[in-house]
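Colleague: Residue numbering for the sequence shown follows the numbering used here, starting at 37 and increasing by one per position.
No lab work stands behind these hints, which were simulated from the structure alone. Just to be clear, a hint being listed does not mean it is correct.
[Claimed, not checked] Only pairs whose alpha carbons sit at most 20 Å apart, straight line, appear in this in silico DMTMM-like list of lysine to aspartate or glutamate:
id, residue 1, residue 2
1, K191, E90
2, K46, E175
3, K46, E170
4, K119, E91
5, K213, E192
6, K191, E91
7, K213, E196
8, K178, D38
9, K213, E98
10, K178, E203
11, K213, E188
12, K213, E90
13, K178, D45
14, K213, D38
15, K213, D45
16, K46, E196
17, K213, E103
18, K119, E148
Quick caveat, the model's predicted, so the values are computed rather than measured.
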Amino acid sequence: MDHIHHLTDKIHASGFTCLMCGGCCSRGEDDGNLVLVSAPEVRAIMEHTGHSWEEIAEPYPEWLPAEGGGTFTLAWCLRRTEKACIFLDENNRCTIYPARPLICRTYPFALEQGTLRVYACPGVGQRQICNKAENIADECIKRVTAETTDAEHTKEIYMEMNLGPNECAVVDSEGVKRIG
Numbered sequence: 037m038d039h040i041h042h043l044t045d046k047i048h049a050s051g052f053t054c055l056m057c058g059g060c061c062s063r064g065e066d067d068g069n070l071v072l073v074s075a076p077e078v079r080a081i082m083e084h085t086g087h088s089w090e091e092i093a094e095p096y097p098e099w100l101p102a103e104g105g106g107t108f109t110l111a112w113c114l115r116r117t118e119k120a121c122i123f124l125d126e127n128n129r130c131t132i133y134p135a136r137p138l139i140c141r142t143y144p145f146a147l148e149q150g151t152l153r154v155y156a157c158p159g160v161g162q163r164q165i166c167n168k169a170e171n172i173a174d175e176c177i178k179r180v181t182a183e184t185t186d187a188e189h190t191k192e193i194y195m196e197m198n199l200g201p202n203e204c205a206v207v208d209s210e211g212v213k214r215i216g
């Protein structure tokens with residue numbers, strides 16, 4: 037059995053069906069549900085919405101010290117309101133659905149070290165037939181490939197990074213983006 041069919045079977049077995057509750061897009065009690073996005077994903081959202089980078093993404097809030105005295109982070113995340121992702125409307129619908137990031141396309145599933153992980157979600161265990169299981173499986177594979185490629189490019193850029201004292205930057209697969 038090939039990988040996609042194996043994943044599809046596991047997704048079917050989870051009993052997942054999206055309940056469109058918006059829980060995965062909402063801030064949890066622990067301020068969770070940060071949606072990490074790559075530079076190419078931010079650009080796709082920019083093209084879809086016409087919004088600027090700054091309107092869409094913010095630096096991941098974990099800052100690390102750089103050798104030159106500055107600080108940096110290695111990721112972007114979608115901006116959020118006090119309650120949810122900025123792209124979740126009042127009807128719990130995603131306003132960027134065609135351009136949503138891979139993490140959103142695969143939730144509550146992720147391939148981790150070749151194993152399918154199922155995260156907590158009210159839609160798991162519904163025992164309905166997931167009619168999008170094959171699409172989700174395919175997106176999980178695309179996500180691993182994209183994340184691996186993005187991490188490799190980011191690492192190359194990080195290795196060449198040179199930040200001065202008091203400089204803050206996000207290092208991503210496109211380069212070092214200094215934050216003012």
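Colleague: Between K178 and D45, is the straight-line Cα distance small enough, at 20 Å or below?
Modeller: Cα-Cα ~18 Å, so holds.
Colleague: Please work out if K119 and E148 have their alpha carbons no farther apart than 20 Å.
Modeller: 28 Å, violated
Colleague: Verify the proposed pairing of K213 with E188, using a straight-line Cα cut of 20 Å.
Modeller: Since the Cα atoms of K213 and E188 sit roughly 17 Å apart, the hinted pair holds (cutoff 20 Å).
Colleague: With the threshold set at 20 Å, check whether the alpha-carbon distance from K46 to E196 stays at or below it.
Modeller: 41 Å, violated
Colleague: Do the alpha carbons of K46 and E170 lie within 20 Å of each other, as the hint requires?
Modeller: Between K46 and E170 the Cα gap is close to 10 Å, so the pair holds against 20 Å.
Colleague: Is the hinted pair K213 and D45 satisfied, with a Cα-Cα distance of at most 20 Å?
Modeller: Between K213 and D45 the Cα gap is close to 41 Å, so the pair fails against 20 Å, i.e. violated.
Colleague: Taking only the CA atoms, is the gap from K46 to E175 under or equal to 20 Å?
Modeller: 14 Å, holds
Colleague: Quickly compare the C-alpha distance for K191 and E91 to 20 Å and report which way the hint goes.
Modeller: 26 Å, violated
Colleague: Can the restraint linking K178 and E203 be considered satisfied, given a maximum Cα separation of 20 Å?
Modeller: Status violated; Cα separation ~34 Å.
Colleague: Under the criterion that the straight-line Cα-Cα distance not exceed 20 Å, is the pair K213, E90 satisfied?
Modeller: Given pair K213, E90 holds - Cα atoms ~12 Å apart, limit 20 Å.
Colleague: Given the hint that K213 pairs with E196, test it: the Cα-Cα distance must not exceed 20 Å.
Modeller: Holds. K213 to E196 sits at ~13 Å (cutoff 20 Å).
Colleague: Regarding the pair K178 and D38, is the alpha-carbon distance no greater than 20 Å?
Modeller: 15 Å, holds
In this structure, the earlier hints numbered 1, 6, 10, 14, 15, 16 and 18 are contradicted, and the remaining ones agree with it.
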